[in-house]
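Residue numbers (the numbering used here): 1 to 146.
Careful, some of the hints might be misleading.
[Stated by the list, open to error] In silico lysine-lysine, DSSO-like type, Cα no more than 30 Å apart, as pairs:
1) K117 x K11
2) K24 x K117
3) K128 x K71
4) K11 x K120
[Claimed, not checked] Derived Cβ-Cβ restraints for the label pairs, each shown as a range:
5) E40 x L104: 17 to 25 Å
6) R28 x S136: 38 to 46 Å
7) K6 x K108: 15 to 23 Å
8) E40 x K6: 25 to 33 Å
9) M1 x A121: 36 to 44 Å
10) A39 x S113: 26 to 34 Å
11) K129 x R70: 21 to 29 Å
12) K11 x G114: 23 to 31 Å
13) R70 x S113: 18 to 26 Å
14) A39 x Q122: 37 to 45 Å
15) T90 x S136: 16 to 24 Å
16) K11 x S99: 18 to 26 Å
17) K120 x R87: 41 to 49 Å
Honestly, the hints are just simulated from the structure, not real lab data.
A quick note: this is a predicted structure, and the numbers were derived from the prediction, not measured.
By construction, the Cβ of each residue, glycine as well, lies at the ideal position given by its N, Cα and C atoms.
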Amino acid sequence: MPKTDKRGAPKQSELPSTLRKSEKHAQRIFAEAHDAALAEYGSEQRAHRVAYAALKHSYEKVGDHWEAKRKRGPSDERAEHGGPNARGATAEGVDANASKQHLLDIAKRLEISGRWKMTKAQLVDAIKKYNRRARSRGRRRPTPGK
């Protein structure tokens, strides 16, 4: 199902919940990449993968929404290889290629305890875990006013 309307604007009702809480540019990237991939490949599942890959090049997942990355580029080992047969682990939207200081800053905002003792890989895992819980909470309880 197309994610954009006739004018090319993202359809809020068709966007994943984490994107509805994100800025318009992130929504537009996802929707346009999805629609182009759907037209090209004809597969909804493949279109979603392409759209998220495009989104993760410019945005990282923080809690229950997406925020612009400081530097564009692949966010994890899997994104670096790309394609339908990509290898490597995914960081589920967390920018695993960011500096440890950046990950510490995000962990601080998310109030993740024990962050100062964690390695970079542990920080990525802790942020991924927090993001999953935040998304799960968002599904049970709609955000007021959105």
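Here's how the hints hold up against the structure:
no. : hint                   : in the structure
1   : K117 x K11             : violated, 42 Å
2   : K24 x K117             : violated, 36 Å
3   : K128 x K71             : holds, 20 Å
4   : K11 x K120             : violated, 37 Å
5   : E40 x L104: 17 to 25 Å : violated, 40 Å
6   : R28 x S136: 38 to 46 Å : violated, 26 Å
7   : K6 x K108: 15 to 23 Å  : violated, 43 Å
8   : E40 x K6: 25 to 33 Å   : violated, 20 Å
9   : M1 x A121: 36 to 44 Å  : holds, 37 Å
10  : A39 x S113: 26 to 34 Å : violated, 46 Å
11  : K129 x R70: 21 to 29 Å : holds, 23 Å
12  : K11 x G114: 23 to 31 Å : violated, 41 Å
13  : R70 x S113: 18 to 26 Å : holds, 25 Å
14  : A39 x Q122: 37 to 45 Å : holds, 41 Å
15  : T90 x S136: 16 to 24 Å : holds, 18 Å
16  : K11 x S99: 18 to 26 Å  : violated, 36 Å
17  : K120 x R87: 41 to 49 Å : violated, 20 Å
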